[in-house]
Amino acid sequence: MSRPAHPHAMAPKTPGKTRTAPPQIPASWWSTSRMRAYLAFDATGFVYLLVGFLAIRLVWALGSGQGAYDSALGALENPIYIVWNVFALLCVIGVGVRFFRLFPKAQPARLGPAKPPPGPVIHAGLYLAWIGITVLLSAILAGGLFA
Amino acid sequence: MREVTKTFVLTRFDPDQDEAPRTQEYKVPVREDWKVLDAINFIKDEIDPSVSHRWSCRMAVCGSCGMMVNGEPKLTCKTALSDYGDRVEIEPLANFPIVRDLVVELEGFMDKFKSVKPWIVRAKQKAAEEGTYRQSTEELSAFKQFSMCINCMLCYSACPVVANEPEFIGPAAIALGHRYNMDSRDEGASERNQRFREEGTVFSCSYANECSEVCPKDVDPAAAVNQAKFNAVIDWAKGLVMPKGGS
Amino acid sequence: MKTFLLKVEPVIWLLFGQGILIGTILLTAWLLVIGILIPLGVVPSDALAYERALRLATANLLFLPIGKLLLLAIMALPLWKGAHHIRSLLVDFGGGERDPAVASLLYLIATAGSVAAVMAVIRL
Amino acid sequence: MSAIDLYRHDIIIVGGGGAGLRAAIAAAEADPSQSIALVSKVYPMRSHTVSAEGGAAAVARADDTLEMHGYDTVKGSDFLGDQHVIEYFVEEAPKELTLLEHWGLPFSRNEDGTVATRAFGGMTTKRTWYAADKIGFHMLHTLFQTSLKYDNIVRYDEHFVSKLLIANDGSCRGVAAHDIRTGEMKAIIGKAVMLTTGGGGKIFPFTTNGMIKTGDGMALAYREGVPLKDMEFVQYHPTGLPGTGILITEATRGEGGYLTNKDGERFLVERDYGVGSKAELGPRDMISRAIVQEIEAGRGLSGPYGDYVNLDLRHLGEAKIDERLPFVRLLGRTYVGVDPVKDPLPIRPVVHYMMGGVDTDIDCATQLSGLYAAGETACVSLNGANRLGSNSLTECLVFGARGARHMTQYAKSIGQIDDKALVEQAKAEADRIDQLRGRQKGGEKLSEIRRKLNEAMESGCGVYRQQDTMKACLQDVSQLRGRVADLQLTDPSRVFNTEVIAALELANMVDVAEALAASALSRKESRGAHTCKDYPHRDDQNYLYHTMCTFSPSGPVIGKKDVTLGHWEPEERKY
Ligand SMILES: Cc1cc2nc3c(=O)[nH]c(=O)nc-3n(C[C@H](O)[C@H](O)[C@H](O)COP(=O)(O)OP(=O)(O)OC[C@H]3O[C@@H](n4cnc5c(N)ncnc54)[C@H](O)[C@@H]3O)c2cc1C
Ligand code: SF4
Ligand code: F3S
Ligand code: FES
Numbered sequence: 001m002s003r004p005a006h007p008h009a010m011a012p013k014t015p016g017k018t019r020t021a022p023p024q025i026p027a028s029w030w031s032t033s034r035m036r037a038y039l040a041f042d043a044t045g046f047v048y049l050l051v052g053f054l055a056i057r058l059v060w061a062l063g064s065g066q067g068a069y070d071s072a073l074g075a076l077e078n079p080i081y082i083v084w085n086v087f088a089l090l091c092v093i094g095v096g097v098r099f100f101r102l103f104p105k106a107q108p109a110r111l112g113p114a115k116p117p118p119g120p121v122i123h124a125g126l127y128l129a130w131i132g133i134t135v136l137l138s139a140i141l142a143g144g145l146f147a
Numbered sequence: 001m002r003e004v005t006k007t008f009v010l011t012r013f014d015p016d017q018d019e020a021p022r023t024q025e026y027k028v029p030v031r032e033d034w035k036v037l038d039a040i041n042f043i044k045d046e047i048d049p050s051v052s053h054r055w056s057c058r059m060a061v062c063g064s065c066g067m068m069v070n071g072e073p074k075l076t077c078k079t080a081l082s083d084y085g086d087r088v089e090i091e092p093l094a095n096f097p098i099v100r101d102l103v104v105e106l107e108g109f110m111d112k113f114k115s116v117k118p119w120i121v122r123a124k125q126k127a128a129e130e131g132t133y134r135q136s137t138e139e140l141s142a143f144k145q146f147s148m149c150i151n152c153m154l155c156y157s158a159c160p161v162v163a164n165e166p167e168f169i170g171p172a173a174i175a176l177g178h179r180y181n182m183d184s185r186d187e188g189a190s191e192r193n194q195r196f197r198e199e200g201t202v203f204s205c206s207y208a209n210e211c212s213e214v215c216p217k218d219v220d221p222a223a224a225v226n227q228a229k230f231n232a233v234i235d236w237a238k239g240l241v242m243p244k245g246g247s
Numbered sequence: 001m002k003t004f005l006l007k008v009e010p011v012i013w014l015l016f017g018q019g020i021l022i023g024t025i026l027l028t029a030w031l032l033v034i035g036i037l038i039p040l041g042v043v044p045s046d047a048l049a050y051e052r053a054l055r056l057a058t059a060n061l062l063f064l065p066i067g068k069l070l071l072l073a074i075m076a077l078p079l080w081k082g083a084h085h086i087r088s089l090l091v092d093f094g095g096g097e098r099d100p101a102v103a104s105l106l107y108l109i110a111t112a113g114s115v116a117a118v119m120a121v122i123r124l
Numbered sequence: 001m002s003a004i005d006l007y008r009h010d011i012i013i014v015g016g017g018g019a020g021l022r023a024a025i026a027a028a029e030a031d032p033s034q035s036i037a038l039v040s041k042v043y044p045m046r047s048h049t050v051s052a053e054g055g056a057a058a059v060a061r062a063d064d065t066l067e068m069h070g071y072d073t074v075k076g077s078d079f080l081g082d083q084h085v086i087e088y089f090v091e092e093a094p095k096e097l098t099l100l101e102h103w104g105l106p107f108s109r110n111e112d113g114t115v116a117t118r119a120f121g122g123m124t125t126k127r128t129w130y131a132a133d134k135i136g137f138h139m140l141h142t143l144f145q146t147s148l149k150y151d152n153i154v155r156y157d158e159h160f161v162s163k164l165l166i167a168n169d170g171s172c173r174g175v176a177a178h179d180i181r182t183g184e185m186k187a188i189i190g191k192a193v194m195l196t197t198g199g200g201g202k203i204f205p206f207t208t209n210g211m212i213k214t215g216d217g218m219a220l221a222y223r224e225g226v227p228l229k230d231m232e233f234v235q236y237h238p239t240g241l242p243g244t245g246i247l248i249t250e251a252t253r254g255e256g257g258y259l260t261n262k263d264g265e266r267f268l269v270e271r272d273y274g275v276g277s278k279a280e281l282g283p284r285d286m287i288s289r290a291i292v293q294e295i296e297a298g299r300g301l302s303g304p305y306g307d308y309v310n311l312d313l314r315h316l317g318e319a320k321i322d323e324r325l326p327f328v329r330l331l332g333r334t335y336v337g338v339d340p341v342k343d344p345l346p347i348r349p350v351v352h353y354m355m356g357g358v359d360t361d362i363d364c365a366t367q368l369s370g371l372y373a374a375g376e377t378a379c380v381s382l383n384g385a386n387r388l389g390s391n392s393l394t395e396c397l398v399f400g401a402r403g404a405r406h407m408t409q410y411a412k413s414i415g416q417i418d419d420k421a422l423v424e425q426a427k428a429e430a431d432r433i434d435q436l437r438g439r440q441k442g443g444e445k446l447s448e449i450r451r452k453l454n455e456a457m458e459s460g461c462g463v464y465r466q467q468d469t470m471k472a473c474l475q476d477v478s479q480l481r482g483r484v485a486d487l488q489l490t491d492p493s494r495v496f497n498t499e500v501i502a503a504l505e506l507a508n509m510v511d512v513a514e515a516l517a518a519s520a521l522s523r524k525e526s527r528g529a530h531t532c533k534d535y536p537h538r539d540d541q542n543y544l545y546h547t548m549c550t551f552s553p554s555g556p557v558i559g560k561k562d563v564t565l566g567h568w569e570p571e572e573r574k575y
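So the protein sequences, as listed, match chains Y, S, H and A.
Quick note on the working numbering: the first sequence kicks off at 1 and runs consecutively.
Quick note on the working numbering: the second sequence kicks off at 1 and runs consecutively.
Quick note on the working numbering: the third sequence kicks off at 1 and runs consecutively.
Quick note on the working numbering: the fourth sequence kicks off at 1 and runs consecutively.
Keep in mind the hints are simulated off the structure, nothing from the lab.
Do not rely on the hints blindly, as some may be mistaken.
[Claimed, not checked] With a cut-off of at most 20 angstroms between alpha-carbon atoms, the simulated DMTMM-like pairs for lysine to aspartate or glutamate come out as follows:
id, chain 1, residue 1, chain 2, residue 2
1, Y, Lys105, S, Glu138
2, A, Lys445, S, Glu46
3, Y, Lys17, S, Asp111
4, H, Lys7, S, Glu167
5, A, Lys441, A, Glu455
6, A, Lys441, S, Asp18
[To be verified] Where chain S lies over chain Y, by a calculated footprint (3+ residues, C-beta under 8 angstroms):
id, segment
7, 34 to 42
8, 117 to 131
Keep in mind the model is a prediction, meaning the values are calculated, not measured.
Where is the CB? At the ideal position from N, CA and C, for every residue including glycine.
So that you can see chain Y by itself, here it is in the shape it has in the complex (with noise of 0.2 angstroms):
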């Protein structure tokens, strides 16, 4: 295994009698496809972290007037922010994805007896919201609507 867990990682609350050999991480970790898709979704954290900022930073800009809208507007148009949007954009989908994947079973309509959708039915939904509000959205912000 490739290294030790936290020490006291399933340990009981009064410890054994006899020594025990401290706990190890199984080598699986960070070794197979599905743990690093899982880290990979854990990493988007920072992305999201950073996207909420300059999302901040223009929409404060906004509120500044004119000039500092512009200006921020034209930042955007520097080749490293947009790779830089074009990563996070396929993060966010990444992230979509993996959570509409996840999401049917930990889905919490099962509050009652009543049973909850199957899940195709619930995946569907996701999906045509997600892409009705992609398409709306980006209408509206794009002048297709509301002119």
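Based on the hints, put chains S, H and A with the ligands in the right spot on chain Y.
Positioned in the frame of chain Y, the structure of chains S, H and A with the ligands alone reads:
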């Protein structure tokens, strides 16, 4: 039946003699329909009787024979050797203190297990004379899956949070608590939800989903844990509105 | 610190969850149009010229300041998804013991950002 | 001499299976102030009750009566069951299963939300309560989880009881328990002890039983002079998977499965095997014999693990199999590579259950004051010469509870215990085990002797028995007793030394096997599961009694005990 020889690398650890775990290799003539457990039993019976491991039912239901096989947590009585190459590494379950050889410490798990009150809680116990409860098949299916856990603890070996957060209640125990919360005969949900928000909370789970990937009984503990989160939040919100006891 | 974290955990988890769900759904169009299509010139840049941008941002639907609410979601929710996931990533990499301190710092950042986001929409 | 830790409780239960857990809960409820020790060699949820698949019997439907359940059981037992025990059993059965339902057992349900029941062999109507095909698993886990609620149940998990402790007045007042984790010996002392250690199928090579079913409780009691009753009656289950012996539940037939031979014939319908119109739903002894006869007549199929016949479920359809028998499907796929939805399962009769055990009365009390027994390890004489499928789980509940309540009363009548003698015995036991551990001397390997024992039992005490092979078997087993005393043991470690445990278990198995073979040899008739080719008929004139086998240093001594009859008169057993 065809026989091939495979090499088994076993973790050995005897606290009386070894400072730290070591490995030992055994060559075993393996029949093609053998499970991993058959090979370990062969080693114990015919080559080295000092190898220690737990097993009993050999039919994937008692939950005692979980080990790491080539780095993955497996129920060894259910895992076919034909899925593996010539060299098979067998280690004790990951994320658990090691008592000896392939035997891990279970008491930590038992503590967590008990902490979710895995029994029917009711203000008033029904007497046998009053007959059984009625439960629709819908009501049964709301928790049935989560009652299939054999406590093999493979999910604990796979979960990255368990490895790093000793307090985390962990997949199987949360699934069990959730199982009772979802049972139409139970009235203890608020007590368990309280527990789910205490130390080692359900929220520690980052939905790695590995627990469900390795579960040999399709319990899908990841589903249980993540449903439990939502219910714990609802229960908490109810507590805010009505400070004296939510649901 | 640990007990305080435990107390607020349900709120954080809710914000985090919405960060994934709503955040992802809204950010897709946001990044696509503002981050990629407009800068590349695929969409003419006057689509979000100052005047129109301000009009959209302050749009009302019935009595709801829908523009501001959406902007708030786009700005603040991803912060919580980010903070929480960074936290769990660090735990997975062996940061269990430092977690209370790390988590507090991360959530502090998300809180500060959220306050800034609220101010940003108030200023519009 | 070794130092010994002393632990005191009011009552001690050895075993954490269905019977032990039910007893512990009953005792905890009977007197919340008493302290109960629950000692088990594995964590309770690993006990072999976990493997039961089919269901548990109790009258539930409007078209069923206690009288019918009673009669079916008496007839199934080939009239060797004690009728007052059976009457009490059928009356309590519905209450006990209802309690388990209250405690959360996820029983399968009818449309209207009531508990569903299914047909089982030898039962005239649907009275077997089930939870898909995992009743034992759910029962064990429900009981274990419920037991956690009682603070006065103190568990000693992974503690191997290797000796009963006998006070100077000759009564049983505790157990010597070897802590597997530490290798230490503990003297657990109490006013009464109950054995619920399950059966001993592992004395046979081909069995549905798990590794832990080594007949320990029977051997413990036997060595203290308590007779083992009706040991010759060993149930062969008709449908085990070749090779492993993994059980395919009788519920497969309850749900409508067929047994077929190599020509695809339903031989139970085509030929007269005594099961009449019941066909596949006849009692286990008869169906096992029918299968053996089919195979001997050359109508079986052959595979790498010997001859077999088929269990055909295909006509039930995938939906029903998945709903009612999902575990069977998994077992077929995993252990013989056969999906019962598409192909018939290969099966052959397999050692399953011991009707005999520690002799007790209806209160589960043995002849040794302070010692009780319940569950498969005991013989309260419910099952007689042949158990009906699904009666035994209910038996664990009914008699686990009754025994515990009785013990609680008994314990109240016992004053201060003088523990000096008890501690001495525990110390001697500790020394004995210390000397076993890692002792290199001796020549024979443990696995070798176990194999010899298995071979002897299979050849002498199988489905069909003969006087001469039984004699040979008894001789072989008696001879093994000496060889067990001189095993080669190589593991010197104190911690989790499973080799020492295996050696203690092997010694227990030899004792149980010897009693079994001696009892079988003494019964010169054919009744229930005991079929002797030299005496093919039942002989009520001479053999309507319980066989009592008592330990003596020179070999087992056979005695008799009357069967309690009642309003069901012995008659020819035909279905
Ligand atoms: C595969 C299978 C399927 C079955 N299906 C059915 C069915 O459908 N319906 C039905 O009614 N019956 C069924 N049976 C029978 C029934 O399951 C058993 O008879 C019953 O479970 C026995 O329960 P028990 O409590 O007596 O023993 P067990 O469950 O075997 O428990 C024995 C306990 O004793 C402990 N123990 C043993 N020795 C020692 C020792 N030396 N020191 C300390 N502790 C010890 C063990 O750790 C264990 O906890 C089935 C049996 C098998 C094997
Ligand atoms: S949830 Fe699955 S993996 Fe975890 S203990 Fe239960 S059966 Fe094993
Ligand atoms: S693997 Fe662990 S992180 Fe959650 S989804 Fe399962 S408990
Ligand atoms: S031996 Fe029982 S689950 Fe593997």
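Distance restraint between Lys105 of chain Y and Glu138 of chain S, which requires alpha-carbon spacing of 20 angstroms or less
Holds - the C-alpha atoms of Glu138 of chain S and Lys105 of chain Y are around 17 angstroms apart, at most 20 angstroms.
What's the verdict on Lys441 of chain A and Glu455 of chain A, does the C-alpha distance respect the 20 angstroms limit or exceed it?
violated, 25 angstroms
Outcome, coverage hint (the segment 34 to 42 of chain Y, chain S; C-beta under 8 angstroms; three residues)
holds (count 4)
8 angstroms C-beta test of the segment 117 to 131 of chain Y against chain S, three or more residues
violated (count 0)
Checking one constraint from the list: CA of Lys7 of chain H to CA of Glu167 of chain S, max 20 angstroms. Satisfied?
Between Lys7 of chain H and Glu167 of chain S the Cα gap is close to 16 angstroms, so the pair holds against 20 angstroms.
Going straight from one Cα to the other, do Lys445 of chain A and Glu46 of chain S come out at no more than 20 angstroms?
holds, 8 angstroms
Take a quick look at whether Lys441 of chain A and Asp18 of chain S sit within 20 angstroms of each other, Cα to Cα.
With Cα atoms ~24 angstroms apart, Lys441 of chain A and Asp18 of chain S exceed 20 angstroms; violated.
Lys17 of chain Y and Asp111 of chain S: Cα distance at most 20 angstroms?
holds, 16 angstroms
Against the hints set out earlier in the document, violations occur for numbers 5, 6, 8.
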